[in-house]
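Here's the letter readout for the chains.
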Amino acid sequence: MSKLLSAGFVKLFKSTVFYVGLAFMVGFPAFVVAVRFVDTLRYPEYYAEPLDGFLNAGLMFIGVVIAVVVSLFIGREYGDLVIRNKLIVGHTRADIYLSNLIVSMTGGIILQTSYLVSAYTLSRIFFGPFTIPKAEIIKMQMLGVCVTAAYSAIFTLIAMLIQSKSAASVTALITAMMLFLFGMTVYQKLATEKFTNNPELYENAFIGVSEDDNNGEEEGYYVKPSLTGLKLRVYRFLDDFLPSAQADQISECVVPEHWDRFVMYDCVIILLTTITGVFVFRRKDLK
Amino acid sequence: MDYVLKTHNLCKYYKNFKALNGLTMNVPKGSIYGFVGKNGAGKTTLIRLVCGLQLPTSGDFELYGVRYSDKAISKSRRRMGAVVETPSIYLDMTAVDNLKQQYRILGLPSFDGITELLQLVGLENTGKKKAKNFSLGMRQRLGIAVALCGNPDFLVLDEPINGLDPQGIIEIRELILKLNREQKITVLISSHILDELSRLATHYGFIDSGRIVREMSAEELEAACRKCMRITVTDTAVLARVLDNMEVNYKIIDDKTADVYAKPNITQLSLALAKDDCEVLSVEEHDESLESFYISLVGGGKHE
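One line per chain: the protein sequences are A and B, in this order. Just so we're aligned, residue 1 is where the first sequence starts under the numbering used here, counting upward by one. Just so we're aligned, residue 1 is where the second sequence starts under the numbering used here, counting upward by one.
Read the hints as simulated data drawn from the structure, not as lab findings. Yeah, the Cβ is synthetic: ideal placement off N, Cα and C, and Gly gets one too. Be a bit skeptical, because a hint or two may be false.
For the chain A half of the interface with chain B, some residues (derived, Cβ under 8 angstroms), not all of them [said to hold, decoys possible]:
1. 4
2. 7
3. 45
4. 81
5. 84
6. 85
7. 86
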């Protein structure tokens, strides 16, 4: 497999789509910092503070970036039919799948880390040191690596099992968007649930919300919890399980309460997708 | 005889369609094996199975004596190169980069030999031109160069001259002959362009509806197709006796017709036959081409 990895990494570092992804992951924080810096010059009283909340924001869209990069990178193997060259000379299908997975994961982690490095460096230069302890930043980065690896495994599965490059790209992109929206929905539902189950929070947070039907009385501010029982447990599980929901939590720049579950679930996702992928790919008829 | 590839009762079904239906064939070592059949006969399917792109539904094949299901098949496959349908090359890479990438896939320790390979296929002057800007013939030759990385001794070419111009066809033909004669590479070449195959092949396998209908050497085929005179007489027994006396090769078709593989003096032949009361009814030149031989084998049914 070392031969396939060597060939795969050379291809990755010559890949245009990888460098476009890298430019985006480095350029996006640069753009945000520049805009924020201009705002700071205009309104120093509002904006001149460390950009803590921005440090892990890249995780919010890393899924979409990896979907595009991985599907086009692996899809090219099918598009140019070069995957045959590996099989004809005797490489096993499992080796081909695993080498593509490792290369994709490495590429994804480089993209995710490049965002962090760009955001950290530029924010520090223009807005001073972060208030988050470095140990926590490192811990969140490690969690980000796990999320990225899980995303890479999902999109490698899609790209390896769909022989059409364009169909694989569209499927991966739709999957990434669905995961993003689903993760966001779960995250927001649970955020609302936190309010509704905590009077101290909602008393202050929802002033005026229920005026229409309760004449401004105290009880009128009560919002009935929409998530209870099994439904609540499922939402909480999904919030810890889905890479997109994990990313939403990490992007708050606080080490999540269940960070150990994140690692475990990401490993489960990687294992499940890889076992499924290798199993199906080994039996797949290639053209 | 040593065989590079042996298949036994090989079957491949796609849902209800039988692409290969009990195919048995043997590719002798050192040969150029012409794999002949119409579109949809199963040529490409067999090549896909041999290359490991697909698995057979049933049956068996051996590559260098190793069964396809054995783990050691990986080692046997390292001895082969293939171009299946269209060449498998990175379109946004140069010819040199494509070969380097294949060298890495093979795990070769250095890039030695790339220049020679490019010279062999006539692409040594392509410089920084990317494969996407190559002509079809150049891509085909680059595909063959990629297949030749690692010095394989078995080359599988699926319709290598499809879509090429006459010059390209000649170049590919010369290249295949050179590889076979100078480097002793066994070549399995599939085509439905029979005339072109007849200039190359040392052995033939005729496939129809997923089965080999006839396997034969080029000599056997030549004998079957050679030019002859078809003579119709009143009694072929007399004709046979006369031809034996004249020491001429012939084949009796029926009691009135025979093929004579020579150009005897018709007057002498007629006089000799007349002595035994045998009349010559007609004489015509008969030339069975590879094409008509193929049609006689597989029938002239509908073209899929």
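These are the hints, each one checked on the structure:
A least Cβ separation of about 7 angstroms between residue 4(A) and chain B falls short of the 8 angstroms threshold, and the interface hint therefore holds. Among the interface hints, the one on residue 7(A) holds; its C-beta lies about 4 angstroms from the nearest C-beta in chain B, closer than the 8 angstroms criterion. This hint is violated: residue 45(A) has a C-beta 52 angstroms from the nearest C-beta of chain B, more than the 8 angstroms allowed. Hint status for residue 81(A): holds, given a least beta-carbon distance of 4 angstroms to chain B, under 8 angstroms.
Checking residue 84(A) against chain B by beta carbon gives a least distance of about 5 angstroms; that is within 8 angstroms, so the hint holds. At about 5 angstroms, the closest approach between the beta carbon of residue 85(A) and any beta carbon in chain B falls short of 8 angstroms, and the interface hint on this residue holds. Below 8 angstroms, beta-carbon pairs count as interface contacts, and residue 86(A) has one with chain B at about 6 angstroms; its hint therefore holds.
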